[in-house]
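Number of protein chains: 2
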Amino acid sequence: MDFKFAKRMSQLRASEIREILKVTERLEVISFAGGLPAPELFPVEEIKEVNRIVLSEEGSKALQYTTTEGYTPLREWIAKRMNSKLRTQFAADNILLTHGSQQALDLSGKVFLDEGDVVLCESPTYLAAISAFRAYGCEFVEVPTDDDGMIPSELEKILEKTERAKIIYVIPEFQNPTGRTWSLERREQLVKAAMKYEVVVIEDNPYGELRFEGETLPSLKSFDKTGCVLCLGTFSKTFCPGYRIGWIAGEKGAIEKYVLVKQGADLQCNTIAQMEIAKYLELYDIDKHIEKIREVYRKRRDIMVKTMEEEFPEGVTFTRPKGGLFAWVELPAHINARDVLEICLKKNVAFVPGGSFFPNGGKENTLRINFSNMPEDRIVEGLKCIAGVLRELI
Amino acid sequence: MDFKFAKRMSQLRASEIREILKVTERLEVISFAGGLPAPELFPVEEIKEVNRIVLSEEGSKALQYTTTEGYTPLREWIAKRMNSKLRTQFAADNILLTHGSQQALDLSGKVFLDEGDVVLCESPTYLAAISAFRAYGCEFVEVPTDDDGMIPSELEKILEKTERAKIIYVIPEFQNPTGRTWSLERREQLVKAAMKYEVVVIEDNPYGELRFEGETLPSLKSFDKTGCVLCLGTFSKTFCPGYRIGWIAGEKGAIEKYVLVKQGADLQCNTIAQMEIAKYLELYDIDKHIEKIREVYRKRRDIMVKTMEEEFPEGVTFTRPKGGLFAWVELPAHINARDVLEICLKKNVAFVPGGSFFPNGGKENTLRINFSNMPEDRIVEGLKCIAGVLRELI
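Each protein sequence line maps, in turn, to chains A and B.
Each residue of the first sequence is one higher than the last, beginning at 0 in numbering that gives the first Met the number 0.
Each residue of the second sequence is one higher than the last, beginning at 0 in numbering that gives the first Met the number 0.
For reference, chain A alone in the conformation it holds in the complex (with noise of 0.2 Å):
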């Protein structure tokens, strides 16, 4: 049958770093491509545990359905912990649990976007959010940014301008995929100018945790006297995303919509997942846990950097990221990434090129190195490998 699909169809691409992602299996490929979080760090042993207790306690009820809102502990731990490490003021009731925070994104776009709404978001910005918002039939305004984050200046001239501009959407920890992190100045004329044009934000921020150094600095939450900003948050990073339970925190008014749009979108998230997420958090250290993870991937940040640093040829910069997952590659403008990767891949390694985080397409010369999901020595021959065929190639 020749299906008819929807038009939106039209618009949607399989997701590279997906496509990636199944070359990568291949165990000789060293892989800087997905966002993959060191597996060795997940508490495996601690988990078989939670599991056992959960159903011992809980019995079937683990094993039901539950509320659309989710588990009322987690919830409420979520709350608690966002309020003291974000300077948020959340209730149980202002958190909707996701599947995972990709969710929450696909939540907001069905929430908010009408066809022909415009998602203002950095440049670059993170792939999978443009796909989410995309199948709402929006339009994307990239915002220049630099290395402190969006510019104010461009942003209120594009937010005079724009009539339908619906969300502002912003990773000001460690962007995804440029590793960057917003000053605190950006943070707070962020929050301003998105009041003032009465502008939803999103504010992703699934790798704020994972600071390898200096302050945390305030979220743009912080910022928000009119509730205009809307949370994301997710276990991914910090415990494991296989689990794939994140959140949606906001203003009561917002969050009952995500839950109606949630209940037609999959009534609810894994019962049993949120349990045990909750019981881990009542029964270990997650700050530990957390604590250890940030060391092996200062460290891999570290030997990333300083491997750039010698191998790669003049022309080439990178940000050296200060948390998070990602790094980001700017290559001479002649050189096109999709040629290198095609090298690369020859070669058994593997990364994401940078075009595709450009909703509105263009600079193909960049790159994006993820250095959380492979050991130290890998990192160093992946990245000389690269470093090899960029040699060749300027």
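One should not assume that every hint holds.
[Unchecked claim] Short derived list, chain A residues pointing at chain B, Cβ under 10 Å:
no. : residue
1   : A5
2   : S55
3   : Y64
4   : D116
5   : E159
6   : K160
7   : E197
8   : R243
[Stated by the list, open to error] Stretches of chain B that chain A covers, calculated by requiring three or more beta carbons in the stretch to come under 8 Å of a beta carbon on chain A:
no. : region
9   : 48 to 54
10  : 147 to 158
11  : 241 to 248
12  : 255 to 265
13  : 316 to 327
Because the hints were derived from the structure by calculation, they are not lab data.
For every residue, glycine included, the Cβ atom is placed at its ideal position computed from N, Cα and C.
Go by the hints and put chain B onto chain A.
Just chain B now, with coordinates in the frame of chain A:
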């Protein structure tokens, strides 16, 4: 802030069921409201065991990101099962795992529906399918339906004159909310009409394995010569709903599009949940487990029908389902089931008024009875209470 939500939000209301479910969390309430399986039949000890084995065998792989399509051994099992039970010819590649079959409904809307497209459905139909599709701005045409399924001549008339018919949505086995089962002839006729008019059929089959009597009839898919039928399935009713694992099966050309939209929606299903179900299916006898469920539900169905026959006043009619979880009650035209519910809730008995199962409204004199979740004595007690209220009102 005065949020400017998307237009679709004005169409969405909270699921009446999930709102009533909040009331029924009180233990003293006898609930015929949810579609909740009997929790005492969940294989709690077996799940403890498979969790332990999966984490020992797979380690951190069970907690890491995986492919959007889902865990291959589980997709293979599903294909094999469907082929043997439903006379289909699926391979693993035809299957996408979804976050419950509810997500497969949502993804179907995203893949196929533009604003103004038409979904044809049974009258009444599954309430949460209405919400899932409605979020994509479609219209609903309810096809006149009797005890054997949609009436073919009426369906043809509608297809003839409905230019933008995109999806025919049906639940041929023990339908939700009526408990009706389609006859063989009607199944064949529906698929013929769908093939002729080139409309996609979504065959939702969450209850098919729960047949109490008679022979399993061939699926709609078994009559499909063009690939127009897409099949939804779930482990929610045969295993545990809390796992949120369901699937969609169909032509690769369609499934590929579903994979694309699932990437944007939530990347993938819970990794360990997929592996645990696969391991359970490998180690334990699911047929024996399902037979146990059938036994219990059959007895509950029997006592429900008997009590309704004995207690319900004249002028009240109801279905006698051959399987599944639900029966459908029709009251005299002047009685509004919402009024009945209001009185019953005060007596700690709950059910779902039937009105919201009609996407275009009407038939407020109907209600749905779930018989899977309460033990036999409480079924009798609850139905006697409803009967008493009805006698007073009629």
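Here is what the structure says about each hint:
no., hint, in the structure
1, A5, "holds, 5 Å"
2, S55, "holds, 8 Å"
3, Y64, "holds, 5 Å"
4, D116, "holds, 8 Å"
5, E159, "violated, 18 Å"
6, K160, "violated, 18 Å"
7, E197, "holds, 6 Å"
8, R243, "holds, 5 Å"
9, 48 to 54, "holds (count 3)"
10, 147 to 158, "violated (count 0)"
11, 241 to 248, "holds (count 3)"
12, 255 to 265, "holds (count 8)"
13, 316 to 327, "violated (count 0)"
Going down the numbered hints, you'll see the structure goes against 5, 6, 10, 13, while the others check out.
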